[in-house]
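These protein sequences, in sequence, are chains A and B.
Residues in the first sequence are numbered consecutively from 29, following this note's numbering.
Residues in the second sequence are numbered consecutively from 29, following this note's numbering.
Zero decoy hints are in this set.
One copy or two, it doesn't matter: identical chains are merged, so the pair holds either way.
Think about it this way: if two alpha-carbon atoms lie no more than 30 Å apart in a straight line, the pair counts; the simulated DSBU-like pairs of lysine-lysine are: (1) K97 - K210; (2) K284 - K173; (3) K481 - K178; (4) K210 - K419; (5) K169 - K481; (6) K495 - K452; (7) K495 - K481; (8) K419 - K481; (9) K173 - K495; (10) K495 - K419; (11) K97 - K495; (12) K210 - K296.
Worth flagging that the hints you see were computed from the coordinates, not collected in a lab.
Remember, it's a predicted structure, so these values are computed and weren't measured experimentally.
Number of protein chains: 2
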Amino acid sequence: MKAIHLPLVTHLHHHDLDPNKNRVPVVYAYQDVKTSKKSNRLGEKLSNLLNIQKNDPTRSNLNDIHEDKANTPTMSPKEDISDRWCDIHGVQEWEGLLDPLHPFLRREIVKYGEFAQATYDALDIDSFSEYCGSCMYNSHKLFDKLGLNKSGYRVTKYIYAMSQIDMPQWLERSKLTYTWSKDSNWIGFVAVSDDEESRRIGRRDIVVAWRGTVTPSEWYENMQRKLESIGHMDSKVEHGFLSIYTSKCDSTRYNKSSASQQVMKELKTLVEFYKTKGEQVSLTITGHSLGGALALLNAYESAANFPKLPISVISFAAPRVGNIAFRDELYQMGVKILRVTVKQDLVPRMPGIVLNESLQKFDDLTGTLEWIYTHAGTELKLDVRSSPYLKRGFNFIGIHMLETYLHLVDGFVSSTSTFRSNAKRDVALVNKACDMLVDELRIPTCWYQLAHKGLECNSYGRWVRPKRHPEDIPSPTREQLL
Amino acid sequence: MKAIHLPLVTHLHHHDLDPNKNRVPVVYAYQDVKTSKKSNRLGEKLSNLLNIQKNDPTRSNLNDIHEDKANTPTMSPKEDISDRWCDIHGVQEWEGLLDPLHPFLRREIVKYGEFAQATYDALDIDSFSEYCGSCMYNSHKLFDKLGLNKSGYRVTKYIYAMSQIDMPQWLERSKLTYTWSKDSNWIGFVAVSDDEESRRIGRRDIVVAWRGTVTPSEWYENMQRKLESIGHMDSKVEHGFLSIYTSKCDSTRYNKSSASQQVMKELKTLVEFYKTKGEQVSLTITGHSLGGALALLNAYESAANFPKLPISVISFAAPRVGNIAFRDELYQMGVKILRVTVKQDLVPRMPGIVLNESLQKFDDLTGTLEWIYTHAGTELKLDVRSSPYLKRGFNFIGIHMLETYLHLVDGFVSSTSTFRSNAKRDVALVNKACDMLVDELRIPTCWYQLAHKGLECNSYGRWVRPKRHPEDIPSPTREQLL
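Isolated chain A (complex conformation) (with noise of 0.2 Å):
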């Protein structure tokens, strides 16, 4: 195995960094989304070709709906996966694990697809707010805010990625001229495993969750024209990628290192501190979406910088990352990988299915570019049709919501078989952020909102937007200030 020495890091000194100029990456999160006009009129071309039809006669009878599950757990039980842990976490590329899905490997998955999905359900996406685009809470409270206090794991650090950069607009920018930084966004955060969770799961899990966007309709017809290289060989990624991760400008507060410096640092940190103690340590790395990307690109410097680490990616609705090249390279260094997708969603098509309608050399451009990027891994293929709980049509933002994602997971079977009558996990998270669920089931779309938006009435009766508590307003760690 090479020995890569942060080659990311290097790409910095390629990018313009003139505030004025360049623009923001990462993350449109919970609103009430409205797909564009323009990817509307793609949804519907593309819906033919996704073998979308809104009468499916295969679909399951919804009488099973009305069952009253309010009283039962939301959770399959976690059952000791000491004595198996490796074949869980990859190390056999999940030969015979997927299809059946075995019920402990689908517990983990979701068990990472909820660490994903913290960081859209805490991000501050009010335009108004001060701290837009910041993390809500504190890490220490992270994951008590998000009915994650069970999950086993404790958040170490907090990861913020420059949103200045030559980029279409994804940044989640406050409308404000004061805020707590007009440079960075929060993009994730690392957390680890508590020893009873790590006596469970046979190892020190190290967890590494990348934030994403759910309205990709912004940036997927920039993703696929600029590959870039990366380390010494032949691997290749695409820029836009590569220029979130490894970022940084010294005139900001959180980005005078980048994502990848931070994330590598504290690694770093985690792995000596738990190898130290003679500690079986694994590193797991998550990720929807554009967080499915970076979760790649942070796997490949990880391999690099702990070539005995066990590596491992589970990502959701991931588009292509780089070349054959890069994939082999991720191979060779013994980086597994678990990709989630769905059938139908449009993004891990990305690039390399031409969705932009301007491009006039439509069929010269699809060959070409499909050829040069390529996914990595091992695929886990769901269905939306397969749930009865989903509404039929083509929602080009539900279907790639990482809530979606898991609602399948939860009652993936096998290729071959039903929804699992047994999902426990509640199906109205589904509908936290689009319209995706029947309307039997009497969830209401896009719920997952503060009351009043946040406004609160105060003891003269106005409504105001409250401070934010002193312990979660974000400040910069001294690394990040040195």
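Following the hints, complete the assembly by docking chain B onto the known chain A.
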């Protein structure tokens, strides 16, 4: 003054009440309201007509917006008006009190407007709720829940109207098969002043507040066709309004008696009760939009039944209701009408301005209708451009909203003055269900909504719709059942 024997009720027999055939009246309220494409186009066409310029050089300086008002009371003081109540109630047609607007009168207009606003704020508009179209709270808790506990009034009665009338789609209709009522919607309430408030205002004041609709696009086009006789003279009123007011059906739970019958029975009880005690009694009827039209019908019927009772209507954004004979009859019976309008609002111009784009004989009909329907009463005309807090540009829904009206009343000094600098009413209220406030105020749009749209996380971790508290479940009164 003539005696008219409940003429409105007799019109019921003109209607075919087959519930499968007829449609529902009354009321869309808070939702993330989207103006239809049609009304958007219409809006563009009409914005010139309405003198709306995007860049208005007379616009006030926005600097004073940043002044911190968070710690001031939200209301002007309530003055003792006991020796002037007749004037403020309109006995002299508000002569000399409107321009400039007398502070005592302004305070009273806002008070009545907030009763009308309560009919929106407490309406269950969740189409997945089995109580959709009902009031969320029982009548004893309504004012407490809405922060009106210091209003000095108590609710004595809820009013219901048929929702299955031969009319365009207005109803709040549940998507469920089992609902509290398939036939009725909550359409308003009767309230009466308590002893302390009665001392302040110089008499026992009975209020009727009628609920309207905030999405007029569905109904305005259908409200300019059909005049129908009312009473025994030449008076005619719009068929649709009368239909809502007078329809009943023996097979329903809440409308065995019509809205008209329900309200008149309650008024009779209250007026007799307080008259017997030797008190001076007044009746004030209020409503917004469609509710303003119902207020006028209710005033007409009340005047016929209580010939000596001082009766005023304070309406907001009300359309024209009837012909000249109807207006004159109201005047003859002594009904005083204060009609609050906003210059840029289209609804007070209906019927009579042809808004139906499909109508071919544009000019002919405009002329005709303009003369058939006429407004009644004294107008207090507001202008959205007077407020430095409101966005410019044509926002069909936002301009029509009752909260926008109440904001403009609160700031109105005179037709030649700028916005009142010491206006205290909470500006944030304007954006409850629209997007009218300038960005500098940092108030989210359409913010008036429950946390998680009413879903709650139960002890099993599931997001469920909580059962409505038994005392808030609507139940028919004895007379509704008999």
